[in-house]
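K.L.:
Residue strings, one per chain:
Number of protein chains: 2
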Amino acid sequence: MLERLHLLGPVSRSKLTGMTGLNRSTIADLIGELAALGLVEEGPGLATSGPGRPSPVVQARPEGAVVLAVEMSVDSIAVATVGLGGFVYNRLRVARPRARFSPQETVYDVAKLAGPLLGSLPNKHAFAGVGVGVVGITRRSDGFVHLAPNLGWHDVPLAEMLVGELGLDTEVMVANDADLGALAEHRRVRPGVSNLVYVSGEVGIGIGAIVDGKPLLGSAGYAGEAGHMLINPDGRRCRCGAIGCWETEAGEAALLRRAGSPASVSGLDALLSVADRAAAEDETALRAITEVGRWLGYGIGNLINIFNPELVVLGGMYHRLFPFLEAAVDEGVRSRALDAPRAMTTIARSGLNTDAALIGASEMVFSRVIADPARAGSRAHAET
Amino acid sequence: MLERLHLLGPVSRSKLTGMTGLNRSTIADLIGELAALGLVEEGPGLATSGPGRPSPVVQARPEGAVVLAVEMSVDSIAVATVGLGGFVYNRLRVARPRARFSPQETVYDVAKLAGPLLGSLPNKHAFAGVGVGVVGITRRSDGFVHLAPNLGWHDVPLAEMLVGELGLDTEVMVANDADLGALAEHRRVRPGVSNLVYVSGEVGIGIGAIVDGKPLLGSAGYAGEAGHMLINPDGRRCRCGAIGCWETEAGEAALLRRAGSPASVSGLDALLSVADRAAAEDETALRAITEVGRWLGYGIGNLINIFNPELVVLGGMYHRLFPFLEAAVDEGVRSRALDAPRAMTTIARSGLNTDAALIGASEMVFSRVIADPARAGSRAHAET
Chain P
10 MLERLHLLGP VSRSKLTGMT GLNRSTIADL IGELAALGLV EEGPGLATSG PGRPSPVVQA
70 RPEGAVVLAV EMSVDSIAVA TVGLGGFVYN RLRVARPRAR FSPQETVYDV AKLAGPLLGS
130 LPNKHAFAGV GVGVVGITRR SDGFVHLAPN LGWHDVPLAE MLVGELGLDT EVMVANDADL
190 GALAEHRRVR PGVSNLVYVS GEVGIGIGAI VDGKPLLGSA GYAGEAGHML INPDGRRCRC
250 GAIGCWETEA GEAALLRRAG SPASVSGLDA LLSVADRAAA EDETALRAIT EVGRWLGYGI
310 GNLINIFNPE LVVLGGMYHR LFPFLEAAVD EGVRSRALDA PRAMTTIARS GLNTDAALIG
370 ASEMVFSRVI ADPARAGSRA HAET
Chain B
10 MLERLHLLGP VSRSKLTGMT GLNRSTIADL IGELAALGLV EEGPGLATSG PGRPSPVVQA
70 RPEGAVVLAV EMSVDSIAVA TVGLGGFVYN RLRVARPRAR FSPQETVYDV AKLAGPLLGS
130 LPNKHAFAGV GVGVVGITRR SDGFVHLAPN LGWHDVPLAE MLVGELGLDT EVMVANDADL
190 GALAEHRRVR PGVSNLVYVS GEVGIGIGAI VDGKPLLGSA GYAGEAGHML INPDGRRCRC
250 GAIGCWETEA GEAALLRRAG SPASVSGLDA LLSVADRAAA EDETALRAIT EVGRWLGYGI
310 GNLINIFNPE LVVLGGMYHR LFPFLEAAVD EGVRSRALDA PRAMTTIARS GLNTDAALIG
370 ASEMVFSRVI ADPARAGSRA HAET
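For the record, the sequence lines run as chains P and B. Per our numbering: the first sequence = residues 10 to 393. Per our numbering: the second sequence = residues 10 to 393.
Wrong hints could be hidden among the right ones.
[Claimed, not checked] Listed next, the in silico EDC-like pairs over lysine to aspartate or glutamate satisfying Cα-Cα at most 16 Å (straight line): (1) B:K223 to P:E51; (2) B:K133 to B:E50; (3) P:K223 to B:D221; (4) P:K24 to P:E51; (5) P:K223 to P:E12; (6) B:K223 to B:E50.
Keep in mind that the hints were calculated from the coordinates and are not lab data.
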């Protein structure tokens, strides 16, 4: 029930009874328990056309569980304070030159950004934890980042470092950014879709998948490294050391190369300038985007064959370029995906703009709160 | 608890108490209920070294739920009668020339094989349903086969046809053979492994995956068509119409082509003759297997990057050729998979020989029995 309130917003008591199939007294008991834990609250209902008193409205209480969400991306770091129900108290994103910052510097900068956000939270809130999304191969159990090539990091005990720097007595959960993009899209944008693939373009390509309503993690949390599937044996060497990975054909470097961008311009600026040229109908830029879109489509076709999803969501750089990419992606997909799964797949841009991973980082922690409300509640009690 | 008994075999009551964490009277109640449904039975315990009476032994009752398992493969059809707990009453496999039989003929042949098997079951058994594995893209909800290129079938309402031909008042569940291979491997061979990929070589390549303990189905059951991932854009045209699918490089045709097998010899005989030549250290055959193994490894590398499994299981033709393939597969995987996921993945041949899909077909039905024992039990009551 807490999950429904978190995902769907305020609901009348009578509607909750209908949705859950539980009887009225059980619903009342559950609401009572969650209210005692500070996680939900009831307000007067709105008058309806029906007879009798309007049913009270139940809703998640944002300050009942507040998460600090963090994203460490290639071109920026971002922090947000998010309350239960998905209420964003505050959000900050700071652009940074690429691959210039060590883990230690980044953790320090994150703590500096987070300070004022945490300081401005309502007095009586319960802090539920920290969720972090990072562009890298991350072990879920202890938030250890094996490799984040686009940040220039390897073997970073990121969760441990953040616990130290933030000085909060709380758990820090760390996950791959594309995995969190998929989670955010699934929970906050398309709660009805049980099978989706989120494709994130952040220099390289990472994917996150929701399989039968659950995040695909793999045995240690490394799943989703589809950017390194072999797609062209006669292609170029990838940063991972192998030849012809998907991201060597459909990633940012491939786009800039094909667009003839000067090697001196790099990073987000270079990408945005290609987008500007495309908007101004520059032929080379449009052709480059079309080629990248087709290769992107080939890989998405592979993923449709493998996962049979209902939805493929494009995030990161593909979100930015979506209007120019869409037709070529579709063409690439059509040439690869089998008819039966393709016919049921929609390809769309992310509904969360470029904040999918950040919002997903908060959802990762909320999932834990929802799985064990009493634990979250007891913390709330101790802290307020 | 029924699942444990089904998967693990006879267990003493006291051990069940320890395993489930339930108290003794709850265990006694549960056993009582399942025994009343005819699904489990208790026998005297074995004397142990400890003091007191030995704890009674509880076990699944095979005749409490009997499944007719069917496999429609490229080179054979097979049927088996399997009781709860995985007890195989009987099993028949008949070789057939390839792609010669219509769905109607195949269904008829299956019914002919199944008749005597069903007739020889113990008098007092409860029939739990029919499970079918087929080499094709299959919609789970109604057992409709969209496309089975290696059988030459498309748009076959297979479940419906089997219900008619078998004349049994029961449900028929149909699934892709590789999906069932994964299920069988997960449930009967490696119950402790929650993330595995089963790779089946049956002319083409199909995969089945277990993700966090659950079968990967996709939104309609089409998931696992990894045989059609683009792996070589300069490659050959696949039977699916696209260029350079994984199975064009690592499938049976690729092996026979590379081994210089005469075009007149085809099917299983051709494959076995390459294996024989390899066993006799024929250079061409060994080189062909090595090349196919390397491509097989490339694709497995992609799947390791995507799924981060603990185990990759090779079935079908790869099971037969495993001793010759193993080193080349390993080499291919090493050149593609990222270090972190690769280090935790084992690659092994199927523990069920070539019966993985057949056993998986029975497990698919048992999963339903276990999810709703009362329903299975009520049927048993009506029939015995």
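K.L.:
Next, verify each hint and record whether it holds.
P.N.:
To see whether the hints hold, each was checked on the structure:
1. Between K223 of chain B and E51 of chain P the CA atoms are separated by roughly 38 Å; this puts the pair beyond 16 Å, and the hint is violated.
2. Restraint check: the Cα-Cα separation between K133 of chain B and E50 of chain B comes to about 14 Å, which is no more than 16 Å; the hinted pair holds.
3. Taking the CA atoms of K223 of chain P and D221 of chain B, the gap is near 9 Å; set against the 16 Å cutoff, the hint holds.
4. The hinted pair formed by K24 of chain P and E51 of chain P meets the criterion: a straight-line CA distance of about 14 Å does not exceed 16 Å.
5. Taken as a hint, the K223 of chain P and E12 of chain P pair is honoured in the structure, with Cα atoms around 14 Å apart against an allowance of 16 Å.
6. Between K223 of chain B and E50 of chain B, the direct Cα distance comes to roughly 28 Å. Violation of the 16 Å bound is thereby established for this hinted pair.
Consistency with the previously given hints fails for numbers 1, 6, ordered from lowest to highest.
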